[in-house]
Structure formats: C-alpha cells, structure tokens
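K.L.:
The lines below spell out each chain.
Number of protein chains: 2
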Amino acid sequence: MATDKGPETITLPWASDFHCHLRQGTMMETVTPMVEQGGVRTVLAMPNLTPPLTKTQMALDYGKQLQKLAPNVHFILTLYLNPDLTPEEIAKAAASGITAVKVYPSGVTTNSDWGVLDLKQYYPTFAAMQEHNMVLCLHGECPSDSEKGICILNAEERFLATLQELHREFPKLRIVLEHATTKAAVDCVKSLGDTVACTITAHHLHITVDDWAGQPHHFCKPVAKYPTDRDALREIAVSGHPRFFLGSDSAPHPRRAKQGEKPAAGVFTTPLLMPLMATLFDKLGCLDKLEGFVSTNGRAFYQLPPASISDGSITLTRTADLQVPATYVIQESAAKSADSEPDTIVPFMAGTKLSWSITSTQ
Amino acid sequence: MATDKGPETITLPWASDFHCHLRQGTMMETVTPMVEQGGVRTVLAMPNLTPPLTKTQMALDYGKQLQKLAPNVHFILTLYLNPDLTPEEIAKAAASGITAVKVYPSGVTTNSDWGVLDLKQYYPTFAAMQEHNMVLCLHGECPSDSEKGICILNAEERFLATLQELHREFPKLRIVLEHATTKAAVDCVKSLGDTVACTITAHHLHITVDDWAGQPHHFCKPVAKYPTDRDALREIAVSGHPRFFLGSDSAPHPRRAKQGEKPAAGVFTTPLLMPLMATLFDKLGCLDKLEGFVSTNGRAFYQLPPASISDGSITLTRTADLQVPATYVIQESAAKSADSEPDTIVPFMAGTKLSWSITSTQ
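Protein chains in written order, with the working numbering: chain A, 1008 to 1369; chain B, 1008 to 1369.
Think of the hints as simulated: they come from the structure by calculation, not from any bench.
Take the hints with a grain of salt, since some may be wrong.
Note that the list lumps identical chains together, so a pair holds whenever it fits in one copy or between two copies.
[What the hints assert, rightly or not] With a Cα cut of at most 25 Å, we get these calculated DMTMM-like pairs of lysine to aspartate or glutamate:
(1) Lys1269 to Glu1095
(2) Lys1071 to Glu1096
(3) Lys1155 to Asp1194
(4) Lys1296 to Asp1152
(5) Lys1155 to Glu1242
(6) Lys1360 to Glu1154
(7) Lys1269 to Asp1350
(8) Lys1190 to Glu1043
(9) Lys1190 to Glu1164
(10) Lys1179 to Asp1328
(11) Lys1190 to Asp1152
(12) Lys1012 to Glu1154
Could you put together the complete structure from these sequences and hints?
P.N.:
See the structure below:
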C-alpha cells in the first residue's frame, strides 16, 4: 500500500552481497547461517583466512564447509593473490568454478599480512585471469607511509592510479574496486570502462569519520571519511549506475577483539543487511533503486543470471522499531569448556532501531 | 658531551605546560604529583570539571587543592566560559589572579556539554577580558554537522574564521588557539598579530590519524590528522617562532573508559612530557630549540617571568631504554573497598621506549 511516505512493503528477489567475510571455525558456524537472515542468497566469500586461500583446492574445500552451513545460499568463491597463483593455477581455478581473485596490499587490513606490495609481478596472473574470464577484486588502498604523505585518509585516493593502470594494461579483465569510501573513487570508477565496477558497503553509506572515532564497533578499513564522501557514495548508489553495487564487507570480530587496546578493523552487518539497505534507501527516497543496487547490477557484472522473484523473494516492511541486537553470541565449539563466558559479536548500529524489517521470505 | 648525534645531556629550566587536565578526586590526586615527574613546574589547569569551574571562587578553591598536591608547582588557573562570566565577574577573576578563560564549543570533547554555540553573546565578556589583560583559550573546533560538511577532520580548519573574527574584534585580547592539529591552523596563527598564539601537544607532534584509528589510547580531540599536518606542526615547533609553544592537553581517563564501547577522548602524557619532547626534538635535530618551545615562548606570551636554571632545572640524558609504563595505578580513595581491582591510566606510547629521560632535577 503506497502512502505519502512511499510504499509500506516491498518484495524483492533475494539480494546478492559481493563482498563478505565468513571466517572459519566457530565464527564461520555462527555467521554463515545469518546470510539468509540478512535477506541474501548469493554471497562472495573472502579468502583472507588463516592461512589464506591460496590454491584452488583450498577454496573448493572452504566452499563445501560454507555450503553445509547454508544450503540455500550460492557461494561465490575467491582466491587470495599470491605467488602460487601461476597462470596454470588460474586455469585450474577457473575450470573449477572459482570466480575471483582478491588483492590485499600488504598490511592494510585484517589478515593482510600475506598481501602484496608490487602488482607488476602478478601481470602474468592477471593476463591468465583475463583469458579465463575471472574477476579481480581489489582492496584499493596504498599502505600508509608518512614519508610519502600517505595515511588511511588518502590511501584509497592514492591507489586509484594503480586501478587506472591495471585497467589500461588489462582492458578486458573485470575488476572490482571494493568498498569504495571516497568521492574520488566513485568519480574514477565512473570514468573507466565497462569492465571496472565498484562495491559499496552498507556501513559506508551510513557513517562518516565521526562515527568510528571513539566507536570501535564502527571502525573498519578503509575507514569512513568525510560527509562529502558519504554523499557521493549515496548519490551513486541510488543513481542506478550499473557498475556500482552492494558488497557489505561484513567482517565479524569477537567483541573482545573490538574493545581491547587495539580494536580490530571490521563492521558486522550480515544478519541485518537488507533492513539496513532498505532503511537507507527509504530515507533517501529511492526505494525503487534498491533492487538494482542489491541485486541486478552486481549479478550482471558477475555474469550471474538475473534474480527473479519467482525463484524466491524477501518482503520488507516499514516498521517503527526493528531493534538491532546489542550482540550475537558466537557458537562455541563442543570442545570448549562450558564454564567460559561465551564471546559475542557486536553488530553495526547495535542497540539502535531500523525502520525496515524482513517480514517474510519465500 | 657533544657527539655526532648531538649532546648526550641537556639541562633546562623546569618546563611550562600551558594546557593540562588535572581532573578531580582520585584522578586529580594521582596525576597532579606527576606534573613534576614530567619535568614541569608551571601548568595551566583546565576548568572542564564536573561541574565546570564557572566562577572565580570555584577556580580559587580548585587551585588550593592542586597546590596541596604539588607544592612546588605554579598553577595557572582558568574559568570555563559561561553566562555567569559577566564583565563584573571577569574583573573579580582578574583581580584574584585567575589568568585565562577557556571556550569549549558545545559537544566537541570531554565535559564540553556546557560549551557554547554562539560566541557573539560573549563579546561583552571578551571586552572585559581584554581590559583586564586576561587570556582567551580556545578549543578551536566547530561542532560536526554533516549538512554543512563539517566533521572531525575539518572542524579545526572551519573554526579558523572565528579565530580571525575574534582577533579583529578584540585585537588586544591575548588569544591562544589550543592543541593545533593542522597546517591550516599553523598558517592562520602565523598570519595573525602578536596577541594570537598557539599551543601544540606532545602527542600531535608524534602521531597522525593512523595512530589513533584502532588505538583508543591515542584517540583525542582534536584528532591527529594527515602526515602533512604533523609535518607543519613539527616545523613550526622547532622553528623558534615565539607564538607557538607547548600545551600538552594531557587528559587522563581510567583505562576502562578508554577501552569500552565508546572510548573517551584524551591522551595522557603528564609524567613523561619532557622525555617525549626531548626524544622528538632530538629526532628532528633541533634540541637547541627545545627550551624555547617548552618554556621561553609560552612564558613570554603569558607574561610570566622567564624561567632560569638558577631557579631550578631538569637534566635530560640520552638513553637507550626509557620504558614507558604500561599503566599507572589510580590512587584509590580511602573510602573505596580494598577488594575492588584498582583502575589504571594507560599513558601515551605505553610499553614503548623513549630515547631521553630525566636523570636529575634541582
């Protein structure tokens, strides 16, 4: 039923999240079943495990573990760029159904210790990926370097020259600049060809630097930046531009790791992803653009069949009070002592209220 | 003894810190005696207590408490700008030996809930301060406002127009822009007349945004910014410019308040202040400029007699291993249960090593 405020309910195909950290062990067992809870049935699983997924067989084994935990979800598997990813290994990965390779510059985020410093050495790998139609996912930040004036605030902007260079060298290679946080990144991706796309997270559409300063549960890499940057992200997200789409970068950490002396980087949005997106798009008066951003655009870029309501759907309803839980309990492994206090994950916007909730699924 | 690396020891008059939070209760009892430990015997005590120091008598009473805890230290007393500071109250404050009035824009830092939104209403107060030769200390940040594009990264730069306007309106009023964090602020203060000065903290000379992101014990307001900003702060600090000097903004918080869900803003440097400063000035090859920055310049601006070694001194010595303690225990009040675990303060650069220490005092 439509009102002055827009519709009271919307029904969409299950959404797609083209960037998600599903972790390992008890954390994986906890968050993987939450993907559907967030309204998502296609999810690209990041390879920055310990150890990272550096070979085809490792990714396939990981995919099997995930599939067991969420049988209805389509998992897009990825590999972590590393010297073992020879052109031969790329051919094998592609033939095995692995979709993408992720690049972490060294030291920029969680489990990026194995990351790369010089991309040129990987040009033969990228050439093989281009040939085999794989996707290159970029954590687009330069490592901080005071001597060069690089810090976490301009690390993304400084990386854009590398993106442009990669696109010039490999014009047919599909490249995704992930979790864009700046107007500069948005403008750059817009200016490039059809093989370059960009994901945006739910949290970067909501917050700015003020929201993570002194709030470790909102701290992630890349960090949220200026209000003008957030404005640019919101503008492109609701514009319908086909090369911009949702990649949540949901990255759960135990509460203890977020509230210690050195809070880990990462924001957890998985179980609330579509309520967060609907709340924001409604606030911006653009609910009609939601399906494009959370499903159509990304699926087209990743060459997946369009999602159709006839294949399953979620219905979101305007509500006054979807309470975001203060915490989610991490499933303890059976081996662990029953005495120890269970650790938890604090979600994005914990304890606040969202104005849209998922009321039914099919 | 001089070597290629410069001198191995330096002897200076006791330093002056023109911005320090000495708190109340057990925290005050803990940190006030540490002022001397840091090599300082003149300290400007901030008035943002609970409740804030809004009247002359309150500041005088506070000064007595501080003096009892550190009999050798000269405390410069301040008042918190508020509607009770009428021109009459300013006259009374000045006659009572209170030196300065502090302005907190509303909501920008710890205990700034009583802060002001519009400075124009205080012009009669400022006129009285000018007449009575008091100093106006400014927390120079605009409150964040997404609609106006203001966030914690540009809040200081946006405030500079207000500083310029105050200086234009009250050209003889001595104004201190406190804890400058940006090149823009340095350039602005340099461009203004002799009645406008600027303090810089030890921590802002050391860190950038990267150091407080994910490190709550380095989080303070204003936040540390870009490497180019830190470069500008360092450059002016070692330049000998007479209107730039040390104001540590040392701001202790209990460890629990720094490592929770919403870490409090503030960096604690009091007991290590001169070792921190000597380590930095030595690294920059400018130990000869240290006395100017930590004593001469600020004392001249505040119209205090120059500090002389004949009145007492500190000797700093190059060392390989001054270990910064992991924590300092907060003195528990006698009334408190002996069972409860004592809380602590985590200092700046906890657990690391400094390369200068205070080896003797006179």
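K.L.:
Decide, hint by hint, whether the structure agrees.
P.N.:
Right, here's what the structure says about each hint:
1. Lys1269 to Glu1095: neither (40 Å within a copy, 49 Å between copies)
2. Lys1071 to Glu1096: Within one copy only: 20 Å inside, 75 Å across.
3. Lys1155 to Asp1194: both (23 Å within a copy, 22 Å between copies)
4. Lys1296 to Asp1152: Close neither inside one copy (39 Å) nor across copies (27 Å); limit 25 Å.
5. Lys1155 to Glu1242: So Lys1155 and Glu1242 pass the 25 Å test across copies only (17 Å; inside, 31 Å).
6. Lys1360 to Glu1154: between (43 Å within a copy, 22 Å between copies)
7. Lys1269 to Asp1350: The answer is both: 17 Å in one copy and 19 Å across copies each meet 25 Å.
8. Lys1190 to Glu1043: Neither. Shortest intra-copy (31 Å) and inter-copy (48 Å) distances fail the 25 Å Cα cut-off.
9. Lys1190 to Glu1164: both (9 Å within a copy, 20 Å between copies)
10. Lys1179 to Asp1328: Result: close neither inside a copy nor across copies, 46 Å intra and 55 Å inter.
11. Lys1190 to Asp1152: both (22 Å within a copy, 18 Å between copies)
12. Lys1012 to Glu1154: between (51 Å within a copy, 22 Å between copies)
The structure is inconsistent with the numbered hints 1, 4, 8, 10, although it conforms to all the rest.
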